[in-house]
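Enquirer: Produce the complete structure using the sequences and hints provided.
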Amino acid sequence: MQDLDNILSSFEGKSGELIPVLQKIQNELGYLSEEAMLRAAEFLNIPESKVFGVASFYSQFRFTPTGRNKITVCEGTACHVKGAKGIKEEISRIKGIEDGETSSCMEYTLEGVACIGCCALAPCITINDDVHGRLDKKKVSDILKEI
Amino acid sequence: MHKVSLTIDGVNIKADASMTVLEAALENNIYIPNLCYHKDLNPAGTCRMCLVEVNDPNNQVIACQTTVEEGMSVITDSPRLKSVRQITLELLHVNHTQDCTHCGKNSNCQLQEVTSYVGVNEARVEQLRKSSPNIEKDTSNPFFIFDHNKCILCGICVRTCNEIQGVDALQFGYRGVNTVVSTFMDKPVIESVCESCGECVVRCPVGALLPVDEMKTSREVSTICPYCGVGCGIRLGIRGERVVNVKGDEGNPVNRGRLCVKGRFGYNWIHHKERLKEPLVKKEGKFVKATWDEALDLVAEKFSRYRGSEFAAFSSAKCTNEENYLIQKFARAVMGTNNVDHCARLCHSPSVAALAQSLGSGAMTNSIEEIADAGCIFAIGTNTTESHPVIGLKVKEARRKGAKVIVANPRRIDLCKKADIWLQYRGGTDVALLMGMCRVIVEENLTDTSFIARRCENYEAFKESLQEFTPAYVEEITGVDPALLREAARIYAGASSSSVLYAMGITQHSHGTDNVLAISNLALLTGNLGKPSSGINPLRGQNNVQGACDMGALPNVYPGYQKVSDPDVKEKFENAWKATLDESPGLTLTEIVNAAHKGDVKALYLVGENSLLSEPDGNHVLEALKKLDFFVAQDIFMSETASLADVVLPAASFAEKNGTFTNTERRVQLVRKAVNPAGDAKPDWWITSQIAKKMNHRGFDFKNASEIFVELAALTPSYKGITHERISQKGISWPVKSRVHKGTPVLHKDSFSTASGKGKFFPLKYIPPAEMPDEQYPFILTTGRSLYHYHTGTMTRRVDGLNILKERETVEINPGDASLLGLGEDDRVRVTSRRGEIEAAVKITPNSPAGMVSMSFHFSESPANLLTNPALDPVAKIPELKVCAVRVEKI
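In order, the protein sequences belong to chains A and B.
Reminder that position 145 of the first sequence reads as 145 in our numbering, one-by-one numbering, no gaps.
Counting from 1 along the second sequence, just add 147 to a position and that's the residue number in our numbering.
The set of hints was computed from the structure by calculation and includes no laboratory data.
For every residue, glycine included, the Cβ atom is placed at its ideal position computed from N, Cα and C.
A portion of the hints provided could be inaccurate.
To be verified - Here are the simulated distance ranges between beta carbons:
(1) GLU107(A) x GLN923(B): 26 to 32 Å
(2) ILE19(A) x ALA164(B): 35 to 41 Å
(3) SER59(A) x ARG366(B): 37 to 43 Å
(4) GLY251(B) x GLU34(A): 41 to 47 Å
(5) ILE337(B) x GLU89(A): 54 to 60 Å
(6) GLU107(A) x LYS277(B): 33 to 39 Å
(7) SER59(A) x SER875(B): 57 to 63 Å
Said to hold, decoys possible - Here are some chain A residues the structure puts well away from chain B; computed CB gaps all over 10 Å:
(8) GLU48
(9) GLY53
(10) GLY96
Claimed, not checked - Covered stretches of chain B (in silico footprint by chain A; criterion: 3 or more residues with CB under 8 Å from a CB of chain A, positions within the stretch not fixed):
(11) 311-321
(12) 328-340
Expert: Here it is as structure tokens:
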């Protein structure tokens, strides 16, 4: 609760602040928790259903916590052609999580994204801020062992 | 309203300048296909079906969002319009379950209607169709099912929940093809803030929201809801011999079709297997079935031994006016005593007592409809959205129209969310708060001086008594910040019209009469009486508590509040009833219980009350009832209280008899028989008449309720102009002085009904509640109601769905207090007062202020009134049900 109070303290409590408030909550907590959204609704005097309506409309918001390591798989055209699907399946198999899920140990979150802008390195993934390119199943498996 | 001329498909029409093209067309019986339009809601323009061409084939506009203009030429159908509509419609069909023939909405479905008009290309629909319905139905709510696979995303439910109900349980969630109507976190409806009013269900144009037991009916009967005092018009849907559904009556000005969860869905008790179906006589401690003749002979024979002050009758605010009239007539004319009272003693007796002194009439001064147009609403001591939900809607409507809302309540009730100002004052300090507001108004010259000069008396003495209520003194007593008090006073005094709404939070105190006088002072001071959308509005609890009071089911007055002690009045009734009457006022309800305890009252005729649960200090009531020589209970169910009786007489329910109810705004409305009584049950008026006749008393020979009404109207001046025929279409507010008088929605327009014709100010002093917390009993207990149950639960506890929505009593406690006591959510606790102890589960909520716990009184297994304090208001004799000291311990 203390965290939330701190997050909200930089806002005035006007309904128009909904999206910046949600963004700040997600920046601080890593996701939008139920409790945080209820507090935001109360703070901004907006119905809680509307807060969820807005939050679920934008793909930038997530409702589950992320793991300590965020693995994103590029699914852009170049990566797709070069076998991104297989790369993602391999990660799912090794870590036991599907797209959008976080492992129960809270270590890994897997997410497919449209394009991360490294088409020359296709197929590629990012792990946190590092890009790994020209992958195959073997390479992915080796990389995953290191984190 | 300014009218404009236009043509629609070449037809000349005239329409109000404020209308949309769609409204103008529909009003002139010209169909334009539409799906997201609803007459009660703001147009959304999302379905694109009502596309029309205005003045030019290339100018295609949405009819529901285009206002009519002079000379406008509208075309509603053309090949281009059809092609746009058809594609849009096909995309809806692609995602819509195709089970029309066995869908509950079949033949009443807007999608079917639009489709039959627009048409679809079946091959194209089949090609694009989703493989199978893929969203699980939400069956969590006991009263309705939400099937997203039939939803056309018109948003009518979302807008209804927002614009009409103000609950906002529903919103559009997600995006694009995944868009659904969703609750917060897309949880099942039952876990959301939904209040199950069903307003969305009745407006859903397709089968996405349907009642669980939706079925077509063979006939409908218009009548009045049997729950609270709002008196909503309902239509009972009947199939065979059973009531199978309830609809809001759109033609009734009280509710315009709106209903709460109890009114719409809480009717299954009518045909409940536990209904009393034959008279029962207690023999050797056990009830044995008896014929009506046996039971009535016994009652008549026994009652005849206790004429005079040894007899008392409890009349019922659930019964009709005709029945209340007969019960008090029976007590007075046959039994020769004024010992007749009813549960108004426990709710609004201070309103009747106080307002009779200050204004001359103890009822709502203004009508329910007017609330929506008030400039300011001051809701004090009323949890309006829970206890009077449909009036709660009016408050929300007023707020949307720009009214300022001031809520004064120790608890953070639902209405606080909609309030501009919330005065959180300590329970029982109402006089200090209200007199404090009055002082600010006088000090800042915000009074209506001309109103005071022309229409009021005793102002100087009152003004003198305000001196001590300085904001600092008021803060010390009430805990309310002086700045907030000032702001509230300024808003109340400054608005074009200010309406006070209040209920039990004001009256159920040992100084309840003073509390009401304080409200009356405030309204007189600012001239907020005798004009529309203002006034003093006591919200009455039971469906016919206003009528039971009007009918003289009170120990000191005959029908129409004519005093029993007035010799002229006595003579009038003696002549009418051909009986000798007693001129001394009888005992009040609470005094009758005490007299029974002492052995002074020996025989009791109790109609439709459950005193064991509704009166304070339940153990004392139990002892008193056990001491009676002869006790007759008349009810629809074997209540906790009826089980103590010597004879139990089975009564017909509201759906099984004719008569009238008078709602909280004094509107007398017709109650109609829809089905035959359960088993051998009989209407209360029939039973009372039979007892009187068996006791050889004349004047009880009535063939029907209408005949009784004729007699009572002749003796009750405010009902003089009313007959059953006159109110068959629409109720009318008393006083109705003649057959042509149109009734009186606003009281005190030109003068007050006091002897002098003036409104009287009352100097007041603050008196603390009779029992304050101490070391042994450190908490204040306050009692209230839940939206999902009604009074002692005799009816609502027999409706399965309502039991699912609220299954048990909870003791609400502040998180800080809970942690001091080491309590977690749902922990069982023992709550003890000086009078008794009960057990219940804890609900931890910041809505409850520190130092206060609250409970309802709906649950016989946790009867809160074992704890409450029977300390009485000296004038109205109402017990202090809102404040008593208790101890809370973890079990």
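Enquirer: Is the coverage entry for the segment 311-321 of chain B by chain A consistent with the three-residue Cβ rule at 8 Å?
Expert: With 7 residues closer than 8 Å to chain A, the segment 311-321 of chain B meets the three-residue bar; holds.
Enquirer: GLY96(A) clear of chain B by more than 10 Å, beta carbon to beta carbon?
Expert: holds, 25 Å
Enquirer: With 54 to 60 Å as the target window, see if ILE337(B) and GLU89(A) comply at their CB atoms.
Expert: Roughly 38 Å apart at Cβ, these two residues miss the hinted range, so it is violated.
Enquirer: Within 35 to 41 Å: is that where the Cβ-Cβ distance between ILE19(A) and ALA164(B) falls?
Expert: At roughly 39 Å between Cβ atoms, ALA164(B) and ILE19(A) fall inside 35 to 41 Å, so the hint holds.
Enquirer: In terms of beta carbon proximity below 8 Å, does the segment 328-340 of chain B have 3 or more residues touching chain A?
Expert: Three-residue rule met by the segment 328-340 of chain B, so holds; n is 7.
Enquirer: Note whether the CB distance of GLY251(B) and GLU34(A) lies within 41 to 47 Å or breaks it.
Expert: At 33 Å between Cβs, range violated.
Enquirer: Please check whether SER59(A) and ARG366(B) have a Cβ separation lying inside 37 to 43 Å.
Expert: violated, 53 Å
Enquirer: That 26 to 32 Å hint for GLU107(A) and GLN923(B) (C-beta), does it hold up?
Expert: The hint (26 to 32 Å, Cβ to Cβ) is violated, given that GLU107(A) and GLN923(B) are roughly 55 Å apart.
Enquirer: Regarding GLU107(A) and LYS277(B), is the given constraint of 33 to 39 Å on their beta-carbon distance met?
Expert: With a Cβ separation near 37 Å, GLU107(A) and LYS277(B) satisfy 33 to 39 Å, so the hint holds.
Enquirer: Minimum C-beta separation from GLY53(A) to chain B exceeding 10 Å: can you confirm that?
Expert: violated, 4 Å
Enquirer: With 57 to 63 Å as the target window, see if SER59(A) and SER875(B) comply at their CB atoms.
Expert: Roughly 60 Å apart at Cβ, these two residues keep to the hinted range, so it holds.
Enquirer: For GLU48(A), is the shortest CB-to-CB distance to chain B above 10 Å, so the non-interface label stands?
Expert: violated, 4 Å
Going through the hint list in order, the structure does not satisfy hints 1, 3, 4, 5, 8 and 9.
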